[in-house]
Amino acid sequence: MNQPLSSPHLPVRPTVGGLMRRVLLAMIPGAAAMVICFGIGVLINLLVALAAALATEAALLRLRDRPLKPFLTDWTAVLTAALFALALPPLAPWWLTAIGAAIAIALGKQLYGGLGQNPFNPAMVGYVVVLISFPTEMTYWTQQPTGITATLQAQFGQLGAAGLDGLTGATPLDALRSGLAQERIVDEAVGGLAGRGGWAWINGGFLLGGLWLVFRRDISWRIPAAVLAGIGAMALLFWLIDGDRHASPWFHWTSGAAMLGAFFIATDPVSGATTPRGKLIFGAGIGVLVYLIRTWGGYPDGMAFAVLLMNLTVPLLDAHTQPRVYGR
Amino acid sequence: MNAVVKPLGHFPGGLHLEAHKLDAPIRDADIPTRLIVPVSQHVGQPAKVMVEVGQRVVGGQMLAAAEGYVSTPVHAATSGSIVAIEERPVPHPSGLSAASVVIETDGLDEHTPDDPADGFAMDATTLRNRVRQAGVVGLGGAAFPSFIKLNPGSSVVDTLVLNGAECEPYISCDQALMSERPEAILQGAQLILHALGARQCLFGVEDNKPKAIAALRQAADTLGDERIRIVTVPTRYPQGGEKQLIQTLTGREVPSHGLPLDIGIVCHNPGTALAVRDAVTRGRPLTERVVTVTGPGVASPCNLRVRIGTPVSELLEQAGGLVDPDCRLIMGGPMMGFALANADVPVIKATNCILALRPQDLRPETPAMPCIRCGACADVCPAGLLPQQLYWHARAEEFDKAQDYKLFDCIECGCCAQVCPSHIPLVQYYRFAKTEIWADERARRKADVARQRHESRLARLEREEAEKKAAREAKKAALRARAEQQAQASEAKPADKPADDPVAAAIARAKAKAQAKQDGAPPPAEGTDP
Chain A
1 MNQPLSSPHL PVRPTVGGLM RRVLLAMIPG AAAMVICFGI GVLINLLVAL AAALATEAAL
61 LRLRDRPLKP FLTDWTAVLT AALFALALPP LAPWWLTAIG AAIAIALGKQ LYGGLGQNPF
121 NPAMVGYVVV LISFPTEMTY WTQQPTGITA TLQAQFGQLG AAGLDGLTGA TPLDALRSGL
181 AQERIVDEAV GGLAGRGGWA WINGGFLLGG LWLVFRRDIS WRIPAAVLAG IGAMALLFWL
241 IDGDRHASPW FHWTSGAAML GAFFIATDPV SGATTPRGKL IFGAGIGVLV YLIRTWGGYP
301 DGMAFAVLLM NLTVPLLDAH TQPRVYGR
Chain B
1001 MNAVVKPLGH FPGGLHLEAH KLDAPIRDAD IPTRLIVPVS QHVGQPAKVM VEVGQRVVGG
1061 QMLAAAEGYV STPVHAATSG SIVAIEERPV PHPSGLSAAS VVIETDGLDE HTPDDPADGF
1121 AMDATTLRNR VRQAGVVGLG GAAFPSFIKL NPGSSVVDTL VLNGAECEPY ISCDQALMSE
1181 RPEAILQGAQ LILHALGARQ CLFGVEDNKP KAIAALRQAA DTLGDERIRI VTVPTRYPQG
1241 GEKQLIQTLT GREVPSHGLP LDIGIVCHNP GTALAVRDAV TRGRPLTERV VTVTGPGVAS
1301 PCNLRVRIGT PVSELLEQAG GLVDPDCRLI MGGPMMGFAL ANADVPVIKA TNCILALRPQ
1361 DLRPETPAMP CIRCGACADV CPAGLLPQQL YWHARAEEFD KAQDYKLFDC IECGCCAQVC
1421 PSHIPLVQYY RFAKTEIWAD ERARRKADVA RQRHESRLAR LEREEAEKKA AREAKKAALR
1481 ARAEQQAQAS EAKPADKPAD DPVAAAIARA KAKAQAKQDG APPPAEGTDP
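Those protein sequence lines, which keep their order, are chains A and B.
Residue numbering for the first sequence follows my numbering, starting at 1 and increasing by one per position.
Residue numbering for the second sequence follows my numbering, starting at 1001 and increasing by one per position.
To be clear, the hints were calculated from the coordinates, so they are not data collected in a lab.
By construction, the Cβ of each residue, glycine as well, lies at the ideal position given by its N, Cα and C atoms.
Just so you know, not all the hints are guaranteed correct.
Partner residues are not named here, just some residues of chain B that face chain A (Cβ under 7 Å, in silico) [said to hold, decoys possible]:
| hint | residue |
| --- | --- |
| 1 | Pro1359 |
| 2 | Arg1363 |
| 3 | Ile1372 |
Mimicking SDA-like on lysine to any residue, the simulated pairs with C-alpha atoms at most 25 Å apart in a straight line are [to be verified]:
| hint | chain 1 | residue 1 | chain 2 | residue 2 |
| --- | --- | --- | --- | --- |
| 4 | B | Lys1434 | B | Val1070 |
| 5 | B | Lys1401 | A | Leu312 |
| 6 | A | Lys69 | B | Glu1365 |
| 7 | B | Lys1406 | A | Pro323 |
| 8 | A | Lys69 | B | His1423 |
| 9 | A | Lys69 | B | Pro1370 |
| 10 | B | Lys1021 | A | Pro14 |
Use the sequences and the hints to build the structure in full.
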């Protein structure tokens, strides 16, 4: 009757799926703010990415001869799809979203051996691939909510270039970048920019959800704190040196993917550092890189590149930041 | 008054677990029909059987004597006759059998008389000997012979730690004992202090046992012993780990691969302190202990004072039986205890709890998911290890790397496995890795010994051969020398001996003999030339 089995004997409460579901739940405030600011394009991105990600996951699991059910129901593909979709511009064409999500799952995750094996953040792999491949489509951001019909027309290719021009507009980071390039000061570049307040709300939403995860200890406080500290310290330093040529820490914290990145992207456990000190270094590195790329790099935002670059350092970080063992 | 002492430190990680502790008085268990007494119930060498089949024994009588230093005797827990001395299944994770004395009890429950003595008037050696003769071992589960832990050798012991944390869920035998016998436990603590020459005793109890704490405080006040301090420690698994409790109470850490003794600390269980007291002041051997019989699989959970050797099945009956025949029986707690193959095994000195868990109370047997490196395991590890790295290397059978990640500092508390969202049985991997490493080391040692033997045999053969050769040479040389001498002698003879005719010489000898006979003088020695 009794098999002599190894301790501990009690059931284990946490599950991978439960953790992923809570992370998804925590993204609701930020995602809702995005829908309010940009319209239902955000939701369509989410749906298209989800469908493409799950289809790719299923196809590759079958090719790899792995069981479908445990891996399709662990919510990890859903989370990858959601992170990727929320990083996209709201009027991104559906095929771009589908390609990116499929690449995230196929190249970013399954080809490395599936769940737990990928050295890079899958969502960011997908994002960077479409960012480099389709630079024009990746600028289809808006400054106000787009109507349902216009959104569908834009996303499913029934709108010409002129029509799209009427809908899209620069994000604060784009505006800052081009403004500074035209020798304007920060206040001229982004002051009174339509949609600036919306970005603050979006980042506030992701901050809220992220803090809930930290409070629940679903994610460690170390990575988000270090990311934000890294961005903040760099921004503060240059802002104090020359406030006309450099935006404030507040601007950097409330623009682009700052909070989404700090709390939801950089905290991907599989591709991130795992030791306490390693997490701090990993996060701080991302924060510093985000600032460097935003300020001197070729892209207005740098979260994806920063995360992928720091992913490269993880094996080294983990090996050299082992905690002190009891009695040693 | 016993001042309220605050813990000086805390251990990292750990878990808050639902206690499921039973608040029940200790009840005497019935005399079982049979006692099965394994001769090895302690860490160290098995005791040597001193009785025969058919012999009648009484409670307290020695069944097997200590053999070697790390060993203790084993005694009968009640009167009866010995019906078998044979291999019986014993409670051990391996599920193996071991030599046991089987006693059919007679229900008279006769005992050897007490042998009272004043422990404080004894020197430490005498005290230790009484503890050893009584077969006292650590009752917290480790079953290390206690007399050794009363012998600091050349080390200086500053602090005695009594471990009343009892941090595992369900187990409540120490809690019950501390509530009911606080004076006796503290008297035991005083005797241990006396034997160790220690300055103070820190008695750590988790704060979810207010009754035990109150009882101990009151007993300490009554005793008025300033050296003994009852310290309330936070309820956090594994607070009762020896290293963790020492860290909580003193803020100090036992060195890796070291003993508490290395930092002037000795740690005992409250039940052991009581057994020491009974052994020293009354000369009573350890033949019974408190066992918690509990769990959702038992009809009426209870704390029982059990004769050592009682089959688990009889205890389950006294606890109302199992509610589900598919229950898993665990000896110890749910976090570190091991599953019993069946209920025929006896209670031994190390048995603190018999836990029956129904299938729905157990970890389901679903396959584990891949590790997602979430690090929850590292957050709860009280030893400060990186469990996911250990798992990785253990699974890949990279044992060197597992040791680089300090595999042997793992105390197998199970916290990591309990929080793993992928439900990986982490501790099983660590046990596997440790066992493999030990087996490797044993094999290497064996090979080393064999090699040394072979080498020394070769060396011996070579030496013997050399000696033989030398002897042969010497003999040859001697023969050669003699031959040369003889040759020289035969060359020299004709010169100084003109009578070279052997016949004439023989005749002359015969004549001389006859002459001598007539003279009554002894004949000249043969072969001597005249």
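field: Violated constraints from the hint list, given by number and in increasing order
entry: 1
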